[in-house]
Structures are given as structure tokens and as C-alpha cells.
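Those protein sequence lines, which keep their order, are chains F and V.
Those letters in the first sequence? Residues 1 to 442, by full-length UniProt numbering.
Those letters in the second sequence? Residues 1 to 296, by full-length UniProt numbering.
One should not assume that every hint holds.
[Claimed, not checked] Taking lysine to any residue pairs in the SDA-like style, the calculated list, with each CA pair at most 25 angstroms apart, reads:
{"no.": "1", "chain 1": "F", "residue 1": "K226", "chain 2": "V", "residue 2": "F263"}
{"no.": "2", "chain 1": "F", "residue 1": "K311", "chain 2": "V", "residue 2": "W116"}
{"no.": "3", "chain 1": "F", "residue 1": "K312", "chain 2": "V", "residue 2": "S55"}
{"no.": "4", "chain 1": "F", "residue 1": "K193", "chain 2": "V", "residue 2": "L262"}
{"no.": "5", "chain 1": "F", "residue 1": "K400", "chain 2": "V", "residue 2": "G122"}
{"no.": "6", "chain 1": "F", "residue 1": "K186", "chain 2": "V", "residue 2": "V274"}
[Stated by the list, open to error] Chain F side only, calculated, beta carbon under 7 angstroms to chain V, not exhaustive:
{"no.": "7", "residue": "A42"}
{"no.": "8", "residue": "V237"}
{"no.": "9", "residue": "K248"}
It should be emphasised that the hints constitute simulated quantities derived from the structure, not laboratory data.
Glycine included, every Cβ here is placed at the ideal spot set by N, Cα and C.
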Amino acid sequence: MNVMRRLKVLAAALAVGLASTLAARADEQFFPLQSYRVGPYAAGGTGFFGGFIDYLNLINIRDGGINGVKLTWDEGETQYEVERGVEVYERLKSRPGIAAWNPLSVGIAYAMIDRISKDKVPLITINHGRTDSTDGRVFPYVFPLLLNPYSETSGIVNYIASREGGADKLKGKKIVVLYHGSPYGKETIPIYKLLADKYGFELEQIEVPHPGNEQQSQWLSIRRAKPDYVVLRGWGVMNPVALKTAQKVGFPADHIIGNVWSNSEEDVIPAGDAAKGYIAITTQASGAEYPVLQEVIKSVYGANKGNLEDKKRIGSVYHNLGIVNGILNVEAVRIAQAKFGKRTLTGDEVRWGFEHLQLDPARVEALGAKGLFHSINVTWDNHEGDGRVTFQQWDGSKWKVVSDWIAPDWAALRPIIEKSSAAYAKEHSIKIRASGDDQVGQ
Amino acid sequence: MFDYQFLLEVLIGGLLSGVMYSLVAIGFVLIYKTSGVLNFAQGAMLLFAALTFVSLVERGAPFLAALAATLVIMVVLGIATERLVLRPLVNQPPVTLFMATLGLSYVIEGAAQLLWGTQVHGLDIGISDAPFEVAGVLISRFDLFAAAVAGSLVALFALFFRYTRTGLSFRAVADDQFAALAVGLRLPRVWAAVWIVAGIVALVGGLLWGARLGVQFSLSLVVLKALPVLVLGGFDSITGAIVGGLLVGAIEKLAEVYVGPLFGGGIEAWAAYVAALALLLIRPSGLFGQKLVERV
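So that you can see chain F by itself, here it is in the shape it has in the complex (with noise of 0.2 angstroms):
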């Protein structure tokens, strides 16, 4: 009998115990983490991963978490290496509570598509990925938030003709586009060329091997070549190089645009004064003087919890994009919490958030970000939703924006992403979803 009492007090501390293990869980929205903190690309990773879990950090000290669900993450070391991002995916899929995956990495969001698309959990990939994953009739899964490689092309052109004097103005003119020698640099090719056609400019496309340490082949045919513009698609060393070596042959820094993963501190302080300004697109403002920032330096790092080893680096271009796409991440959560209710969501659920995703400006002006981005507008066919770039130069010290928030062409664009991704979807034997109507797994 006595036995039989102990173990009942057992049993019923046990379900105790289970009950409220279950309760925490039930309480957490868990964000598993790919991220590369040594390697060679260390330093844009420290930057977005820290800014992407200052933000969180920010929601949990400051909300309690959204609406009371409390925000969770973990982090894997991948060094950039695709391997090792797939590794990290087997390791922590079996998390529970998963809101969607940020590799920022092409090539390991490359290697998850399947994955995450058979596990029904979202892949963001906000201002890189495949361009035809904008197509969420294709890829229901997979988000190239804010803009995708196309809309970059688009937008770096309707830049320089809004420097000429309008779209006209570029009939005549030269464009070399300086590209990194990898699937990544070779993408806007073709884009590059239809707006060659489009808008009558002559058009030069240089490639550079990879890690594009040298450059002074490349550069002497730009001197050559003489271009009204240049524009760099780069990554990592190449960008300074490039920088450096327009000096060396005499190209004008301020002739040169470079694209969204050349647009960094990281890409310019190495170049020192070549880099003097140098143009580049981002689709958010550096700086820390937004009201969001100053929360995160308030309320996060004002309670030593701030993920930036240097705080100098708080509002570099890298910790920003972490922080905007921690707002995107947070905020379509929020949105499926409104729809599911106010508890631990599923990725299917989220997926539902992300693609309801809609920021105007004056919710990204509540949100303490007005001028760091502009907005989002995702449905559940156009993924990308519709972001706004701006151009920002750099003055040998700080980056300052130096256009308005300019529109790609995206009407021009949509049937060359549909294209593509009806083509996948045949060689996937992936069927068209007609509708956001879809019913959300639990």
C-alpha cells in the first residue's frame, strides 16, 4: 500500500513536471540559427546574426516576447560551409516550436530548399537566394525577403538613370558590370543584358575569378573600355580589391555602384581612401539614430545582453539587416499569432505569417524603423514583397544615403521569375498552387 502511495505521488509528480515542460514549450517560438562567427566570413556573420538576436533580445527584455510567447534560438557554427549549414539542419529540425530558418547563405539555402519544403517550415533568405523563389506558387516555403537578385539589377539601373536624367538619358551610355566567378556573381547575367536592350545602353560584363584578389587584368580593360559606369557585384575581398585597383588605374570611385553584398563597412574600410565615394544599394539605412536602434542600445546592451562584441559596431550595415530582418521575422509571427492564436506556432503557421506579411510605412514608423527601411508588402505568390532600395555612398568613415527610395521594374521582371519557376516546378514535379487558400498543416 505504502508502495502503491509512492508511487502514485510519483505518477503524479511526473505529470506535474510533463505538464508544465509542456507548458514552457508551449510558450517559446524557438529560431535555430546557422551561423558563422569564425571563417572568412566572419565578419558579415557577427554582424547579422548578432543584429538578428539583438532585435529578439529586444522583443523578450522589452514585450515579454510576442504577446507572451517567448522568443528562443540557438546557434550552430557553419563557417559559410554548406556542409556543415546541413549538418546544423539535421542537428536542430527536431526543436520544437521552429518559426523559420536565416541561413544568410546561398549556398546552404540552396541545399535546404527540399528539406524545409518537406518539413513545412519557412526558409528566409532576405536580399539573396534564388530569384524564382519569389514565386510562392512554386516555392511555398522559401522567402527572398525585401529583394531578390533581379530587383537588385533593376534598381542599381533605375539609379543611374535617375543620376543621368531619366531612363532616356541611358540610350548611349556604358555600363560594365565587374561580377564575382561563381553561380552567385553569374545570376543577373541575363538581366543585365534584357535591360541593355530595354533602355539602349552598351553593355560590358567582366568576370572575376574567385576570391578576386587580384584584379588588375580586369581593371585595365575597364580603362580600356572606358564606362560611364561600373557596377560591382561582388563579395567578400573582392570588393575592396576592386576599389583599390579602379584607383590604381584611375576609374572614379563615385562612378562605381556596387550591389547589395558589396555595400558593407567590411567592403570599404579595407579599401581606405579608394573607397571614398563609392556608391552602393541596400535596402536599409545604416546608422543608429532610428528609434529602434536606440532601443536595442537602451534596453539590450543597456542590460549586457547586446550580441556585438564591439558596440561600435551597432547600426553598421551588416548588425541593420540583422535587426530589419529580426522585425520581419518578429512581425510575421506576430501576424500568424492574430490568425492561430496568441501560443507556440508551427513553421506551416508561420509560413501563413510570412506570407501575410505586409508593412506599410506607417507600421514600420511604429515599429521604430521609419528610414531604415521603407516596406514589405509579401502575398503568397510574391514572396520578395516588394522592397524599396536606396543608395548610399560612403564618405571615408560612415555611409550616407544619397537617393530617394527607389522601385525596381518589377512588372518587367515577373515573367522571367515565372518562367524559371515553372521550369523547376516541371523538373521538381512541383504542383502550381492556384491559390493562398491553401490549408495550413498544425
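Given chain F's structure and the hints, the job is docking chain V onto it.
Positioned in the frame of chain F, the structure of chain V alone reads:
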């Protein structure tokens, strides 16, 4: 009409780039010549030296003090490498020693990031990269400075090898390790000295490459530029490292500009390796490498 002036410009640019490759290759040659080890960690040493120097400067150390401190650190690294990595592996096959340096390169890269962080740094050594024009050809002041440094380094090594006791020991060990041992030379001491010299070469190369690329992790990748230089010039010849560097620089640039368009561009990364492989078929020891003659 063929533009000869442009050809000249490409050629000069290539030769000057080649000098920078030679600076890395010399570090390889020094180690290989005296110990038969292909030191894959040379790039990591270059990164470590540059990162240490720039981090000290950014923490307020004066230029010369930072240079002296980095020099001391590279000396300690050289001695530690000999004691902890090479000495325990004496008499092991060359591939074992090569793998050890491969492992060493990862350890040094990791240690560099652990000690000094992952941020990229600009490095200004006071030499402008702005070009000047000679008969319509643009020439970089920085490239000329780098060429002068490389030339001075080679001249210093020539004097060192010919007229100093340690230099003579290096030559004796390079010529025949067993004979050197038989006449009383202490091999570990010579090896430690040569790793120290390689560390100093890494510091010089690191400062110049760091000023060109910025001080960041990818500095260690410049070893890839040195490999075809070594194949062309020979693994055990400092003269070969210089000539090989010049050849690789010129071949790369000329191939990229004149042959590249036929292949869609981006060929310079492998054009130098094609040239090196072609030479290997004709002259396996490189242009200046010592021919191996073994008595059987």
C-alpha cells in the same frame, strides 16, 4: 590596329603583381630548401603577422613599436613551430610533414581570429596606390614600392646566405642534411632559425598584401598564388621564386586580357596553373630548382 601600348601596360601590371606573389613564394622556398617541408601554413603566418600588427596599431601602439612587437611574436611562433610540430616529426615522410603544416595553418588561422577578432581592417603603410603616368602607361607607386621591398629582401638573403655563419649553416643543411649533421651542425637550431626567417618574410608579405587587400581572413588564401610560382621557379630557389612570380603575373594578366574573352573571361586563376603544369612535363624541378640525382 593592335594596341601595343595597352599590351605594355598589361605586361607591366602583370610583372608588378608577380612581385607580390614572389613575396609569398620566398617564405615557402626558405622552409623547403632547408628542411624539405612544403609549408602550407605560410599563408596563415602571413595573416597572423598582418593581423597582429594592425591590431596593435589600432590599440594605440606606434608604427615601429607594433612592428617590433610583431617581429618578436613571429620569432616566438617560429621557435614554437619547430619545437612543437617539426621536432616530434623528425624522420617522418614528407607527406606527414606537409599534413602537419596543413593542420598548423588551421591552428594559426583560428588563433589569429581568437586573439584579434574577426573584423576586417584597413592597413595604411603610407604608400599611395595612386598611379603616375609614363608615356601613357599608368604605374602604381605601391607596386613599385613592393618591387623594391622584394628586391631588397632577395639582396639581403643573398648576403645573409653568403657571409653569415647561420646563412652558411642554412646552405649546408639545404645541400645535405646528413653531411651537415656529421660535421656538427645542430639541425633543430637551423630549422628554428629558418622558421623565424620565414616568419619575418610572412610579416613583410603580410604588411604589403594587407595594405593591398585589407587585413582579413582571405589573406591566407594568397598561398594559392604562390603555388604555380613555386612550380615554375622551383621549390628550392629564391631566384626561382622571383622569376616564377614575374612569369606567373605576366602570364595571368596577358591570358586574362587576350585569351580570356574566348572563354567568357575569368581564366587567370587557372591560366598560371596550366603554364606550371606544362613546364612540369618538360622540367619537373622547375626553371631554377635543383635536379635530384640519386645513387642507386
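Here is what the structure says about each hint:
no., hint, in the structure
1, K226/F with F263/V, "holds (22 angstroms)"
2, K311/F with W116/V, "holds (16 angstroms)"
3, K312/F with S55/V, "holds (16 angstroms)"
4, K193/F with L262/V, "holds (19 angstroms)"
5, K400/F with G122/V, "holds (20 angstroms)"
6, K186/F with V274/V, "holds (24 angstroms)"
7, A42, "holds (3 angstroms)"
8, V237, "holds (4 angstroms)"
9, K248, "holds (5 angstroms)"
The structure fails none of the hints (numbered hints given earlier).
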